[in-house]
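Starting from the given sequences, assemble the full structure and let the hints guide the process.
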Amino acid sequence: MTGQAGTGRRPDGAAFIIAALLAVFGAVPLWDASTIPDKGGYAGIGPAAMPKVVGWALIALAATTAVGAFRGRLADVPRQNPVPLFWIGGGLVLQIALLHTIGFSLATGILFATTAAGFGKRNLVLTLPVGIGFAFVVYAIFDRLLQLNLPGGPLETLILGG
Amino acid sequence: MKHAILGAVLAVASATAAFAEEYTIMAPAAPGGGWDSTARTIQEVMVAEGISGNVQVQNVPGAGGTVGLAQFAASTAGDPKQLIVGGYVMVGAILTNASPVSLADVTPIARLTGEAVGIAVSASSPIQNINELVEMMKADPGAVSWAGGSAGGVDHITVGLLAKAAGIDPTKINYVAFSGGGEALAAILGSQVTVGISGVGEFLPQVEAGALRMLAVSTAEKWPGTDAPTLMESGYDVNVQNWRMIAAAPGLTDDQKAAVMADIDKLANSAGWKAALETKGWANTYLAGADFEAQLAKEIEATTAVLKDIGLVQ
Amino acid sequence: MSTFDFLLQGLGTAIQPMILIYALIGVTLGTAVGVLPGIGPALTVALLLPVTYGLDPAGSLIMFAGIYYGGMYGGSTTSILLNTPGESASIVTALEGNRMAKAGRGGPALATAAIGSFVAGLLATLALAFLAPHIVKLALVFGPREYFALMMLAFVTVSAAFGDSTLKGLTSLFIGLGLATVGIDGLTGQARMSFGIPQLLDGVEVTTLAVALFALGEALFVAAQTHGLADKVEAIKGSVRMTREDWRRSWPAWLRGSAIGFPIGAMPAGGADIASFLSYGTEKRMSKHPEEFGTGAIEGVAGPEAANNAAAAGTLVPLLTLGLPTTATAAIMLAGFQQFGLQPGPLLFATAPQLVWGLIASLLIANVMLLVLNLPLIRFWVLLLRIPRPWLYAGIMLFATLGTIGVNPSPVELSMLLLFGFMGYGLRLYGYPIAPVVVGLILGPMAEQQLRRALAISQGDWTTLVATPLAAALLGIAALALILPLILRLRGKGKVLSQIAGDSD
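Protein chains in written order, with this note's numbering: chain X, 217 to 378; chain D, 14 to 327; chain Y, 647 to 1151.
Derived from the structure by calculation, the hints contain no laboratory data. Where hints are given, some of them may not hold.
Label-pair distances were calculated between CB atoms; the ranges are [stated by the list, open to error]:
id: 1; chain 1: X; residue 1: Leu342; chain 2: Y; residue 2: Gln662; range: 48 to 56 Å
id: 2; chain 1: X; residue 1: Asp254; chain 2: Y; residue 2: Asp651; range: 57 to 65 Å
id: 3; chain 1: X; residue 1: Gly377; chain 2: Y; residue 2: Thr812; range: 57 to 65 Å
None of the values given here were measured: they were computed from a predicted structure. Even for Gly, the Cβ is constructed at its ideal location relative to N, Cα and C.
Now the structure itself:
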């Protein structure tokens, strides 16, 4: 998978960013472990041991990744279209934010429509009602028949009652 | 036409909403667990016995019930139709998780069911009774490994209380937490540990089959199904029960609280509830009102002290 | 009466027409709900438990059996077709199964999963009937040090799933191990990596991580490759049936998967996920076509699917003979028994033989029904892939979030889903394998806790880890499996290695 050095637009910037992220992700458990009183008890090793091992390992892996970045590219990454990421990510954010106020069907319907939009189907007049309808059927089956208790909202109350 | 249908739907919806006794019970655990099945059994019996027309169960899992408890206390103040299921595990979890919300932030109504904690050894173990076990602990506490449920749970607390009552330093106990009663039981049966501690119900079938020997139970009185002595009888001042309770929202007026208590009293004394307890193998340890509140206050105090002694709470 | 007579008697109960209808309902419901990501057999049985309150014990138990086996089976369908594992035991199924589906071989992948599940279910249920008491004795020999050794073996074995680059595989694994340290430490109750957020005290839910990395990560990745409207559908090439070659490669994998799955499932701290990891590693090692792994090797579907079903039957061994519920699903089954005033345990076989044998017989029937129900359905399931991409992925996102919302609708949990979804996209983009992250999350805490338990019991004496022959042998095998390929590779003897793999088959 490793391409030759210097063939890409940005030779190895991505690898340094990944290495930095890994180092941060390794530092967090180390910092957290330092705040834990190490009550190892009879075992000799306590709750802080594992985070320390993992933290140092991640930092070592970060260093290896960074060193490797000088030798060649980490991976050949195809050209990415960022627009769909915003559509789908935005849909998820909206779903999380609105779930408890407008209910499962409407919030999930929005996610459904934005996902379809992310894949190029931007006709929200069509996808939104389909998504809400689909989500509502799912809600009716799981919440009412199976008692799974999904968050309800005005739509669910209106059609199915409290 | 559309408006007529909509109107009818709205009428039905508001009629349902207007039904006087509609409860929502929060189970502060994921579907399928003990608190969830308690909540769902209450739901079933309340509807079947006509105590309430419509009961909803809401699951809010997390951190020994403290996530659900916090949400309940914050969002239901003054609403007499909101109930929450809880248990002794919560008392410990509130302390060990340093939860900002405690049982003082809700209105405890009644203890519904409970179970004794049992202490047992493998049938092949040389230990014959609880006093021998305590003597071993006095000689070398580290050499007596205890298998039980999660750290800071009722099993762990009971070991701590026993150590304290026997004059052994509770920080010296060698408690090995297992993720569930099942895994702990396997370790006891396989003689991987010295002694096991868990709900009596988990041990009884093994005791009957002759694979385990029950040394003691933790309640004030002997537990049905075993003639093992209580810890009190054996000379250790320990009385623990792993109970489940129901509580109402904070900030209720006296009338509202009385109404909820009346409904729960109806539930606890109904034939349907007793039948449900029977089939699920839950013991009826119903205790309501001031008696329960006094008992609860006493247990919270004792638990706080022992968790500090074990070193789980600063 | 002998075991055989009891079993015949049980079959007599199980083939009554009403009972068969219950079985059919259970199997259908179980498959339907089990197909959904994040909703595994445990939750399925828990949700459907109240439905059975009104039925007689025999009818109820057969319905549980149907739901249980159906739920186990259903998980593989979405893994294969949509790369969305329904539960942790189906994660490795997605590795090879989804590659096969992408190559137009979704039909054979589903077929080998279905038939493998059937074969494993049949063998394991028979083993349950005839060997249960002996298996239990073996399981009790396993203490913390033996489990720790087994976890080490599992770690080494699944590192076969790490893909081409050791660096990337290890990085993924340690990301998973890092996530595993979030939450309350099981042995001391100490909160770790939770930063004062109470929802984090329970740690990272395996299904949340798996659904996010696999389903969301995949959806994001595919979407980011589309430039404009992607209304085209995945072509279905080839037959939906298994070829003669598929059969020839599948059946040894089914048998090996069953042989691995049943005993692992019967161990109190085993479980279907570990069984499926071990089976995948074994298949990769034993295969004559190791180069196909990662691109859609049928053994990689057949083995793990057989293993997870055999493990499901295996968990019934400690449940029925010791009253030990060792998995969430078994705990719910226990609740099902208690509903009828029955306490599973050492006396159950003596006190309620009709019921136990009725249950075992109904497991056999449910197993046959699943096969009958699912083989013709494969044609229908494969059609799912013909749904145009915008609609298909919109539906996947709906079901992926449904699983999380249904179990825990807290914003924290959903935000984790979102975060891990983008992490999955990033990992895919730079060629990091996904499976080790989930493996690390599952095995990390188990290995850590068993190690610390073993050391607590021995009061800090590390030699306890090799103090029994079994633990020493397991650790030895793990060490050999780790070191031997390294030495061979260092000496440039890669060819020797593949030859050994070829010879041992």
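Taking the hints in turn, this is what the structure says about them:
{"no.": "1", "hint": "X/Leu342 to Y/Gln662: 48 to 56 Å", "verdict": "50 Å, holds"}
{"no.": "2", "hint": "X/Asp254 to Y/Asp651: 57 to 65 Å", "verdict": "59 Å, holds"}
{"no.": "3", "hint": "X/Gly377 to Y/Thr812: 57 to 65 Å", "verdict": "59 Å, holds"}
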